[in-house]
Structure formats: structure tokens, C-alpha cells
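Undergrad: Let the hints inform the model, and build the full structure from the sequences given.
Here the protein sequences line up with chains A and B, keeping their order.
1 is the number of the first residue of the first sequence in the numbering used here; add one for each residue after it.
1 is the number of the first residue of the second sequence in the numbering used here; add one for each residue after it.
It cannot be assumed that every hint is accurate.
[Unchecked claim] In the SDA-like style, the derived pairs of lysine to any residue whose C-alpha atoms are separated by at most 25 Å in a straight line are:
1. Lys129(B) - Ala124(A)
2. Lys8(B) - Ala124(A)
3. Lys7(A) - Lys129(A)
4. Lys125(A) - Glu332(B)
5. Lys125(B) - Arg41(A)
6. Lys7(B) - Lys7(A)
7. Lys30(A) - Met60(A)
[As the list claims (entries may be wrong)] Over 12 Å on every C-beta distance to chain A, these chain B residues come out as not near it, computed from the model:
8. Gly88
9. Ser95
10. Ser98
11. Arg236
12. Thr283
13. Arg288
14. Gly300
15. Ser352
I should point out that these hints are in silico values taken from the structure, not numbers from a laboratory.
Where a beta carbon is used, it is the ideal one built from N, C-alpha and C, also for glycine.
2 protein chains.
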Amino acid sequence: MTQEATKKPLYVGLAGMGTVGGGLVELLEKDAELIRRRTGRDIVLRKVLVRSATPERAAMLPEGCELTTDPADLTDDPEIDVVVELIGGTGAARSLISRALDHGKHIVTANKALLAEDSKQLFAKAREKNCLLRYEGSVAGAIPIVETLGGPLAGNRILSLMGILNGTSNYILSEMTSNGLDFETALSQAQELGYAEADPTLDVDGFDAAHKLILLIRLAFGLDYPFSSMPVQGIRGLDSRDIAMAREFGYRIKLVAEARLHEDGDGRPRLEAGVFPMLVHHTYLLARVGGVYNAVRLEGAASGSLFLHGRGAGALPTAGVVLSDLLAVAREERPNNTGFADDEILSADIVSPEDWHSEFYVRVMVHDEPGVLRDIAGCMADEGISMAQVIQKEVRDDVVPLVFMTHDASAQSMNRALQKVREKGVLRAAPVYYRILQ
Amino acid sequence: MTQEATKKPLYVGLAGMGTVGGGLVELLEKDAELIRRRTGRDIVLRKVLVRSATPERAAMLPEGCELTTDPADLTDDPEIDVVVELIGGTGAARSLISRALDHGKHIVTANKALLAEDSKQLFAKAREKNCLLRYEGSVAGAIPIVETLGGPLAGNRILSLMGILNGTSNYILSEMTSNGLDFETALSQAQELGYAEADPTLDVDGFDAAHKLILLIRLAFGLDYPFSSMPVQGIRGLDSRDIAMAREFGYRIKLVAEARLHEDGDGRPRLEAGVFPMLVHHTYLLARVGGVYNAVRLEGAASGSLFLHGRGAGALPTAGVVLSDLLAVAREERPNNTGFADDEILSADIVSPEDWHSEFYVRVMVHDEPGVLRDIAGCMADEGISMAQVIQKEVRDDVVPLVFMTHDASAQSMNRALQKVREKGVLRAAPVYYRILQ
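TA: Here it is in C-alpha cells:
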């Protein structure tokens, strides 16, 4: 199947030689034949930007490729067609991409933080310069969700999307669920295995998933959702008791990023979006996403439900889709960076999380005394919340966990009801509650 | 979110006004605003080709759109930019597409039979005329598998793919499994619900899944696999006893279309592909695909395992991806019809199904006599096949079903072993065996 390249090579400048960067260098070499077959061209790595140019790193590069520590060597080199940005973060990456676009270079990036927090100008500049700005690697690793939303699902009005978008959190929750670990132990284990950073904030506090959700909202709905407005709750400190209790009701606890479009009476679309630990019924495919896997479930007006599942991170899974983005550049596909024709992405009308409705899982720690359940049920009923199922068992120092599932209620009424319960003086610890995925 | 179209409309000629055609007419009207947002253009239906132009049909069309019974009205009209072929079959559809390409029109089709049996010339002609030939709707309904293989997974060497690609068969198997129906009853029920045609041959005998598999093989591996060479076994006459027995071992029986690439010692890739009822372990996501849903599982060298699940057929799910193909045409994406740059798709080196290795499920009907199991195990052992698990129960007229699962074996040695068992004279009916999905 050997094929000669029929067109001039695509010259690449790579910024960042970490896990994914290293994977990309490996794939460019190993899959040179596949690349020629897919595009009719060679993809040639010319320069790699690193913080320190060690001989070990230089030895990993193909012949004719130079290491540099100066971003301008990539952005200003007239021979380079496309800059691959894999340094991450929002500072240096932003300057690099902006300057590369100024010089008319296409961009391939996996930088969700930058694209979520600060991308309007970058998309506008890419459009103005007629450059591609591709970012399949920035969401859900090998799962082709960016392309799916902008391409084959573009003919669908997307009604909702929900995803497990952070592999680190999912790994921790899976270990807590399957092996009964507590949060701190599971986190340490994830850190030892290299699944979690020394500072796990971005992952376990939900911000990484929120970044990705903002990218998906733009692709699915053509709406800009400000990062600062997004309700985000992570899994830090999640109690393994709640995982066990949820299991008794037939649920798993997952960190779910979710966005739903609501049509108001006046026909204006409003968006409900956020990241939360949620109870997912075990019969849902989303409940079966284990370890470091990611998954996305979409609901399209025409398509119905669509479920995509794959590796959410790692050197090769992400490098593979970064390479696919390079192939798209090599095939000179036209700019369609956001999946919408508009220059300017519209701002979302946001539904406050207080107004969201769902079923809830609630755990309160109470003294095992007569009348406590009646008091709590009364507070719920006062706010129009009815209880669907109750579990009460396991006595410990005469403080008892009382767990119940509710029927549909707004977060606002749940908060008010729990405030009333607090005022009754029957609680021995702060109440814990999670939404149940519908 | 109202947006004006900024470019000239895309003019469409639609051939076929059946289920999917009707769905497309509906979406073009309802989603006009979304289409403008996605592309900056209007997509305007100009002519619809039908076999008989009834007033009822004319009433379903938008203003300014004409019904016609003459294909040349679509193919030769200089105003029409793209022809959507939804008439199906290989005769009239082929002439229509070929003539439309001669006139430089882009093509959107959902015709898997045509593209599987007779598409080399059509792809070559599309390329020569610089026309798009898009066909997302031809495989697995709303699942974006065509785009995924040609786009975001293009940077992966695909090692294997397996799918549940025929919703009718999957519905029948699901009903047989969940409700204990026999094949004929489940088929009648599928026909009553409109999930199966009056002549169900294409669906239940595996040919429809085989057509789709050929399209996926081309996209994944860039290889042409002749339809006439493909091993195909359907589900007609599948015994509900085998479904029940498989269940006892923890498996579901699914109609699986599968292709695996093998590297020979000399590095030449060889392809193992076919459609068979197979046992799928209940813990696999593929085992959980129910009713008329479809699913595809890919294994990529970089991506690892990827699983896509969605509606496999129906008016709107398929019309939605046909519309997405129209959006891609409207955005003037460059021709990349096969996912490979080559004009000519290479021919596959095919592995004979006789040489495939797998674990097997085997059921034989025997007299309940001493020594029978020993005889059968002996025949298996003579061919190097070892038995992993055996079930023997339920006595009926003193003929007993003896069911066993084997370790890895080639189909050839299994056939030889079963021939030897036959020659022992202990069988009371032809043996039944299925491969077990690895």
C-alpha cells in the first residue's frame, strides 16, 4: 500500500513536548504511510518549542527538525503552515496562537482552558485570516465529539447533552464505587498512577469538565456561556457512604457535565448548564463508564439519543485526534471553526441553577428519635417536595443516616426545605444532596 | 437568533419521497433558521422526483418546489446544485447519480446497497468532476460513523471494527431474548410495527449489515472488499433455545458485522470480515444495544476502543444526517469522499473465514446415553479444540441438548471436528454453532 506524496508537504511547528506532544511525534513517524494515504501529502515536523532544549529531547525528534525555546521561531517562520499548541494554560498559549494567526498559520490545539475562557477573539481572528483553528483533542480525548457536533449532527437541533468529561474524577469515583475506597485514598492512588496531577484542583473540583462543557455548548448550540457564570461542583470530599447508599437505590454517582436547552413561552431559548456529582441509574449507558473513560450523550431533535464512549485522555488517544486535525488541515478543509457560520458567537440566556428541576438524593444525619422522619417529611411537603423512597439503617453512636429520594423539585425549594429542617434542630451534620440524572 | 442568509441559496433536487425523504422535507422547513446559522445560506428544495406525482404529495412540498417523474428534471437542471438520492436499490439510483455527476452536481445519498456493490466508478467520477459524494445516512442511521472514520479517527490506524448495523435483526433478537418469542413470531411482530419489510431478506439474512460493513471497511482501511466475497450469515431460523442457553453462560446473541486487520509476517495487511450471529458477553456495551438501536465499536492504534450508539433507522434520525451532509455541501467542504486521497481504493487481501480463530458456542442434540460426551470431547480434542464449559440438561423425548463453549479454535478445525462427531452417529439434528465475540 505504499503511496508517494503528490502534493507539497504540510510543515508543522509543535509547541510543547509533554505527554501528548511526545505521542504526536511518535504517530507522525509511525503513521507516515497512513498520512500519505489519507491526504496525498507528507506531514513534516520542522520545529518544536520547549522550555529547555535538552539533548534527550533533541534525540526524540526526526531528522531536520529543530528544538527551540523562542515562540517566534514557530509563529514567524514563513515555511511553517500550521502551529500545534500543546503547552496548555491561558497565558503563553494565548500569545502563541494569536501571533501565529497574525502570520496566517493554521492552529491545532488541545487547550480547553484557553478556548473556554478566552476564545472569542481567537475565533474571530482565525476567521479574519481564513485560518483553521481545530481542537478535537481538547474535549474527551479520542471521542470525536467536536467534529460530530459541527459536522454529522449539525443538521440536528441539539436539545441536551451530558457527559463524563473528566477521566481523573471518573477514575476516583470508579475506585470508590468498586473497591470501597474513600476519596483521599482514591485520589492518592490516582496520583501514584499518574491519572491525577499533584495539584488536582482542575480535575476533582470540576473546572476541567466545565471548560469542556463550554466548548460543547458553543458547538452544539452556537452559544457563548461565560466560564464565570457556570455552576460547578466537584467530587472533593464526596462521602463513600453516599456512593454505597445510592447503589442501594440502583444508582451510581458520576461527575456529570450537563446542558439543556429550554424554549420559553416567548420562544427564546434558555440554557441550563453546569457540572455536578449526580446519581445515574445503573441501566443508563452513562452509568457504565468506568475508570479513565469519558462519554457523551446527546439528544438531537432529529437524531434522538446518541452515545459516544472512549478514552478521555492519555498520550496516544489525544495525539491521534490532534493528528486527525492536522490531516484536516493537510486536506485544506475550509474554516468552520465553531460549527456555525456567524463570526460572533451569541451569548446564552442562562437558567439559574436555583430554578432547575430534578429529582434529588438527600442524606441527613439525625438522632434516632421518634418523629424525626415526620418532621423532615413535613419540611419537604411545605415546599411541595414529595419523597419517593426512604432508607434508614446502620446506627452509629446513635446518629443515623436518613436517606431519601424525592420526586421532581426545584433546587430553590430543596434549599428552602433543608433550611427549615436545619431550623428544627434535628440535624447532626450538614445535609448532603445530589441531583438524579433524568 | 434570527440570521439573514449572506450567500446564495443551495438548490436541492430530491429523488424519493418515502420515509426518509418525507423527514428531510420536514426538517428543511422546520430547521431553516438552524441551517442559516450553520452555513450562512438557505437550503432550498427545487424539485422532487417521485414515481407518481399525486396532489397529496405536491401538497407536502414547500412553495416553489415542483414534483416530477422524470429523473432528467433533476440531473440536467443547471440551477440544481446537489441531488439527494433516497430511492434506494442499485438500478435507477445508479443511473441517476451517474448522470447527476456528469452534470457536475454534488450527491448526498443513503444508498448502502449501491455504494457497497457498485461504487468504484461513482467515487472516481465524483473525484474527476470535483463533486462531493456524501453518504452519512447510509450506515447506522444517526450514528456519525462515516464522518468519524474519515475525519477525527483518520489519524488512527484502525485495527478492528464491529457493529450492530441492522436494526430490524436487532429488534427481533431483542424480542426473542427479553420476551422469549421464537423467530417467526418476533419477525411478524416487527413487520406489524413497520420495523421489517414484507420481504425481510435483506435485513434478517444479513445482507443489509454486509452492505454497511463494506462501506465501513472502505472508510476505515481504505480497502475495497467485494460484496460477493463477504461471508454472511443472518438470523433467520435462529433457535430461541440457543438464546436461552447463551444467556446461562452470560452471553447475548447479536448479529455482528465485524472486520479485523491482521499483519502477516511479511507486513502485508490482511482483512478478516463478515456478518454472523455471535455471542457477546453481557458486560460488553455491544450486548446492551437493544431494540432498533445500532452501535459500532472501533479499535484504533492510537485511540484505543471507541463505542458509538444511536438510532439505526427511522425517518428523522436518517433525515437529520442527510441534512448534515447537505450542510457540508453548503459550506463547500472539499471532496474527500472516501476518507483517503487515492483515486482508486485498493483491493483487500481477504482472510478466508475458514482460517478465522475464535471461541465457539456449540449445541448438539444427542441421545442421553453414556459415553456421548466422551465421544464428542474426543472429536474436538482430535482437532486440537478444548472445551471450556459444558451444560447438559432438559430431557425431551430422550433427545438432549448438549451445549459447550470452546477455547480458541479455527472455523476449519471446528468444521472438521463436527464432521467427525456426525460420523459417530450420535447426533439427532444438525449441530448449531456460533462464534463468541472477543
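Undergrad: Compare the structure with each hint and give your call.
TA: Quick rundown of the hints versus the structure:
1. Between Lys129(B) and Ala124(A) the CA atoms are separated by roughly 33 Å; this puts the pair beyond 25 Å, and the hint is violated.
2. At most 25 Å may separate the alpha-carbon atoms for a hinted pair to count; Lys8(B) and Ala124(A) meet this at roughly 23 Å.
3. A hinted pair counts as satisfied when its Cα atoms are at most 25 Å apart, and Lys7(A) with Lys129(A) qualifies at roughly 23 Å.
4. At roughly 21 Å between alpha-carbon atoms, Lys125(A) and Glu332(B) fall within 25 Å of each other, so this suggested pair holds.
5. Of the supplied pair hints, the one linking Lys125(B) and Arg41(A) holds, its CA atoms being roughly 22 Å apart against a limit of 25 Å.
6. Between Lys7(B) and Lys7(A) the CA atoms are separated by roughly 31 Å; this puts the pair beyond 25 Å, and the hint is violated.
7. The straight-line distance between the Cα atoms of Lys30(A) and Met60(A) is roughly 13 Å, inside the 25 Å bound, and the hint therefore holds.
8. Gly88(B), annotated as away from the interface, keeps every beta carbon of chain A farther than 12 Å; the closest lies near 20 Å.
9. For Ser95(B), the condition that its CB be more than 12 Å from all CB atoms of chain A holds, with the nearest at approximately 27 Å.
10. Taking the minimum C-beta to C-beta distance to chain A, about 25 Å, the non-interface status of Ser98(B) holds against the 12 Å cut.
11. With a least CB separation of 28 Å from chain A, Arg236(B) remains clear of the 12 Å interface cut-off, as annotated.
12. Distance check on Thr283(B): its Cβ comes as close as 9 Å (rounded) to a Cβ of chain A, failing to clear the 12 Å threshold; non-interface status is violated.
13. In this structure Arg288(B) is not separated from chain A by more than 12 Å, as the shortest Cβ-Cβ distance comes to only about 7 Å.
14. A cut-off of 12 Å between C-beta atoms contradicts the statement that Gly300(B) is not in contact with chain A; the least separation is 6 Å.
15. No Cβ of chain A approaches the Cβ of Ser352(B) within 12 Å, the least distance being about 21 Å, so the stated non-interface status holds.
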